[in-house]
Each structure stands twice: as structure tokens, then as C-alpha cells.
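**Student:** The residues making up each chain are set out below.
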Amino acid sequence: MGAYVIRRSLQAIPLLIGISIVLFAMLQMTPGGPLASSEAAGGRATAERTERLREEFGLDDPLPVQYVNWAGGIVTGDWGTSYNTGRPVIDSIVDRLPTTLLLTGLAFAVALAIALPVGIFAATRQYSAFDYVSSGLSFVGVATPSFWFGLMLLFLLSFELGWLPSSGLEDLREQHVGLAAVWDRLSHLIMPVAVLALIATAQLTRYVRGSMLEVLHQDYVRTARGSGLPERRVIVRHAFRNAAVPVVTIAVLMIPDLFLGAVITESIFAIPGMGRLFIESAELRDYPVLLGILIIAALLVVLANLLADILYGLLDPRISYE
Amino acid sequence: MSSHTLGGDAASEVALQTPARSLWSDAWRRFRRHRLALAGLTVLGLLTAAVLVGPLVLGIDPEQIDFGAKDAGPSLAHLMGTDELGRDQLARVLDGGRLTLAVASAAVLVSIVVGVLVGALAGYAGGFVDNALMRLVDVFYSLPGLFVVILLVTLLGAGFSTIVIAIAVFSWMNTARLVRASFLSLKEKEYVEAARTIGVGDVQIALRHILPNALTPVIVSATLGIATAILIESALSFLGLGFQPPQATWGAMLNQSQTAVINQGQWWRGFFPGAMIFLTVLAVNYVGDGLRDALDPRKVER
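Chains as they are written, first to last, in our numbering: chain A, 1 to 322; chain B, 323 to 624.
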């Protein structure tokens, strides 16, 4: 198993190199070329200064040499500095990352907590009213633009009813203690997490239902039933354990989508996370920060794929690691 | 090849019992039975007609400013209300819809062309070319879509063609994989071999004999691609990075409605443009689902 994990991880390296080449190509397209990602930004650089910087940063080197230098910098943690704040890119990202990870994690937990029971229940009662309603709702959920859903929630729960705060992560006007502090934090998270989790929940519910239905028609489930096991035990021990293999894979692959979706959630609810940093940087054309965030997001996609593959191998005994 | 003759006999027996039908009439018959898909198709037809001829029928200029009627909720005079300049929202929604649908269709068209070219080349050539192109597909699959689209549009400047290209660049991979798979299996078929023996050239075989048969799965993926393209463009415009005023897609209208909806409770400003996106995406998804069922030959008839 260990050898399988290592071998599979090594396969990700050429992929990462390919991704970095595409990102490097995009960096070449930035106005002023890659020089713009250095301190020369701001347009105040004189011709001599630009010339000196070109030499200093090796911009007269052939492109492959430049690429190796750039990629080396990424690997060793030298991600350049933000045009806007002058801070190292990596620091700005690390500041914002926990918030986005919190949102992503909570949304993922909510999606699982709803999709698993609903999907399983709908599958065991195929063509029942519950099945029709939940399937219909998941179809609707998949088609709902998250920004529209968020905007309408804000109108209803913040403007009309005044139940939930409309922006930020905490009450900035007042310091809360004890339970009030917990509610303050919670009330700021309900709508953003709901908006972020919506599409993932809908997709996952459909998926859980589908793979449960497939398993429920298998012979071994009929055998388990025929041998007189209680229905509950058949569903949980025999059916779901088998249906779980593809479900786990799909669920893991959804994590990067949630992470990317945070862009929209953070923008609607004015939450200072990485998605918002990305939008702010796009508006200011702060390319070093944009590329830094892109690298993090691409890493996450590759990692999620890797994890899904490894989990699939772990969970399905039919797959050999040799 | 004894099984071949056997299969042939069985097929001719079946053919005796049922009247001959073409692939397309067969598919249409199955599609029609999918009631929601039929409803989706109707809604899409109505929506397209509405954004194309609606503005003419309505006869209201979407840019017509009328301060006397500003910030008004839905009424008979303004079915979807008005904005802070008193512009009629219905006229703006119809006008914006044309741009939204045009961008999405163009992006899907470009992505199909790219996907078919890459997939056909990989599948027909095989070997090293196939391997290299499929690794390229892997790389593009691993790039964080929406983020890269945002970066590209920021780099190139927001405009019709740049947005179309940015979306297309990140949506051709599925088509490429499907076309490649079809080419791989079809190029081994007897009729292709027959064509080759009588001296038909490679390009001719790929274009005339394989491609038409490889396109069926692409139809489903292209249909569903329209929904994705609409959502990406709307997200881009909603974030304020897509089309700039006075050009207004549904996403851009939602972006401009944020303050009015959240701080002034003018729900109609955001509700209607968003509802249009929702309705279109829902309808496209249903049509795509129906098409998948109708075109999938492995689907058991019930």
C-alpha cells in the first residue's frame, strides 16, 4: 500500500510541472511581462532601472532558463511581493487562508450531513413522495446560481426579517462574551455556509441516491435480505458500505470546487478570505498575488485527485496496489 | 467472426417485426417520452424567442431613463419593476439575456471546435501524439477553472471575444476525451478498414467516415456545456469583472443590484435577472438529461 501511495504521488509531479508551465505562460502575458511581478511595478521605473532589473532578474535569459528560475522560486517559497501592499505574496495568502478553509470545511460538513441521509433514504424508498421531492430539489439546487441564492437570502433574512447580519465574520460594533459571542460568530456563518454548500449538497445527494440504487439491486443485497437480516443492517452494513466507495471519491473531488466557490460567497458577504483577496487583486491587477492564489488552488485540485485515488484504492479491496 | 453472422441474423429478425427507423427519429421518440426534457426544450425555445423578438414587441428602450418612475416595484407598466434611473427592468432583462445566451453559445461552439480537433487528432493518430494531448487535457482539468478565467479576462480585458475565449479555454477537455474515445473504437471498425483498402486518405477517413459517428456523445456534453458557460459568465459579471456598463448580462445586472436589494430591499432588482439564469440553466440541464437518455444506445428500452 505504501508503495502504491508513493508511486501515485510521483505521478502527480509531471502534472504539477505542466500546470506550472501554463501559469508561467500566463505570467508572460502580463503587461510588461514577468518584470511586472518584481518591485519594478508601479510604472515609475526609469529606463536604466528597468534595464538593471532586467539584468538582475535574468529577463534576457532564454525562456526555459527563466522558467526554471521562476519555478525554483515557487518551490523554495519565493512567491514575489504584492504590487499593492509590498508584502510577500505568501504572507498575504497565509493571512487569508484560514477563513476560506473554515468556510470550505463547514460547507463540506453540511453537504455530507444532508446528502448522506437524504440520498440513502430516497434510494431505499424509490418512487416515493420523499424520493420525488428530494430528487426534484436536488435538480433545482444544481441549477441555482449561488450568487442569486445568496442575494435573495440576504434580502429575506437580513433586510426583511433582520435575523442574521449581512456581512463580515463578527460584529464590529460590539464585543460579545460567552454564549453571545458564540451566536455572533455562528450568525455570521449561517448564510455564507448555506450558499457555499447548496450546489455541493444537491450534487452529492443525487450521487448518493444513484450509487445506493445501483447497489440495492445487487445479488448480495438480496442474499443478505433473504438470510433474514434486519433491513436496517442490510442497508447500513451491506448496501451502504459498497455504495460509499464512489461516493467518497466524488465527495473528495468536490473540495476544490467548494474552495473555488468561496470566491463568490466571500464576495457577497464581504468576508475577508482568499477568494475576496483574489477579486481585490484582480481589480488592482496585482498579478503576483493572483498567481500565488492560483498555485494554491491548483495544488488543492491535484491533492484532491490524489487523495480520491488513494482512498478509492484503500476502500475497494478489488483494486490491487501491485 | 461466427458471432458476427449470428448477430446479423438476430438483427434481421428484429427488423422484420418493427418498421425501420432512423437514429434520429428513434432518439426523438425517446426524448419526447422524457416529459421534463420536453418542458425544458419548450422553456428554452420561449426564452430564446423572448430575448430575440421580445424587445421589438415590448417596444421599450432598455436605456430609457425616467426619473419619475425610479426604484418602482413590479407593476403593470413595468412587469419587473425599474432601477435607480427608472429604466424598465423587463426590457433590460431581455436585452441582457441576448448577450448572456450569445456569450454562452459562442463559448460552447469554440470549445467544441477545439475539443473535436484535439480529440480527433489524439484518437486517430494514437501513440505519442495521443499521449501528449491527453496529458495536456489532464493539465487543463487540474487548473482551477473560475480563477483562471478571471485571471485571463483581467489580463486580456473584458469584452465579448475575450470572455468567450477565456470560458472556452477551460471547457474543451470533456469534448476532447469523448471524441478521442469514439475515434479509438471507430478507427478499428470494418467500414473504416474498407475505406482505407480502397485508398481513401487519412483526412478524408477522419472527417467523412469517423467524425459523424463520433459526434453523438458530444451533443449531450455541448448541451450541458451551455449551462456551465452561462454560470461562469454570470459569476464573472456578478463579481464585477465581466461585461462593463452599459453592456448588461444577467450576471452584471445582479452585480449592480446588490446595494438596492440588500440595503433598500428592492428584491425585484436581483430576483428577475437571477431567476432567468436559474430557469435557463434548469431547462438546459433537463434537455441535456433527456438527450443523454435518448441518444445512449445502451439504454434499455422500457
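These are calculated hints, taken from the structure and not from any lab test. In this text, a Cβ means the ideal position worked out from N, Cα and C, and glycines have one as well. Hints should not be assumed to be uniformly reliable.
Distance windows between CB atoms, simulated [claimed, not checked]:
1) A:Gly168 to B:Arg420: 47 to 57 Å
2) A:Ile13 to B:Asn585: 42 to 52 Å
3) B:Gln586 to A:Ala113: 49 to 59 Å
4) A:Leu311 to B:Asn585: 22 to 32 Å
5) B:Thr581 to A:Gln175: 21 to 31 Å
6) A:Ala181 to B:Thr581: 25 to 35 Å
7) A:Leu137 to B:Thr581: 25 to 35 Å
Derived contacts from chain A toward chain B, CB cut-off under 7 Å, selection only [unchecked claim]:
8) Ala25
9) Phe147
10) Leu161
11) Ile295
12) Ala297
**Student:** Can A:Ala297 be said to touch chain B, with a Cβ gap under 7 Å?
**Tutor:** A:Ala297 check passes; min Cβ-Cβ to chain B is 4 Å, inside 7 Å.
**Student:** Close enough to count: is the Cβ of A:Ile295 nearer than 7 Å to one in chain B?
**Tutor:** At 10 Å from the nearest chain B Cβ, A:Ile295 fails the 7 Å test, so the hint is violated.
**Student:** Under 7 Å is the threshold here; is the Cβ of A:Ala25 close enough to any Cβ of chain B for the hint to stand?
**Tutor:** With a minimum Cβ separation of about 11 Å from chain B (threshold 7 Å), the hint on A:Ala25 is violated.
**Student:** Restraint: A:Phe147 near chain B, CB-CB cut 7 Å. Satisfied or not?
**Tutor:** holds (5 Å)
**Student:** Holds or violated: the 21 to 31 Å window for the beta-carbon distance between B:Thr581 and A:Gln175?
**Tutor:** Because 28 Å falls inside the window, the suggested range holds.
**Student:** Are A:Leu311 and B:Asn585 spaced within 22 to 32 Å by their CB atoms?
**Tutor:** violated (45 Å)
**Student:** For the hint 47 to 57 Å, verify it against the beta carbon of A:Gly168 and that of B:Arg420.
**Tutor:** For B:Arg420 against A:Gly168, whose Cβ atoms are near 37 Å apart, the range 47 to 57 Å is violated.
**Student:** With 25 to 35 Å as the target window, see if A:Ala181 and B:Thr581 comply at their CB atoms.
**Tutor:** holds (30 Å)
**Student:** Does the closest beta carbon of chain B sit nearer than 7 Å to the beta carbon of A:Leu161?
**Tutor:** Where the cut-off is 7 Å and the nearest Cβ of chain B is about 11 Å from A:Leu161, the hint is violated.
**Student:** Is 49 to 59 Å right for how far apart the beta carbons of B:Gln586 and A:Ala113 are?
**Tutor:** violated (35 Å)
**Student:** For the hint 25 to 35 Å, verify it against the beta carbon of A:Leu137 and that of B:Thr581.
**Tutor:** holds (31 Å)
**Student:** Holds or violated: 42 to 52 Å for the Cβ distance of A:Ile13 and B:Asn585?
**Tutor:** holds (50 Å)
When each numbered hint is compared with the structure, violations occur for hints 1, 3, 4, 8, 10 and 11.
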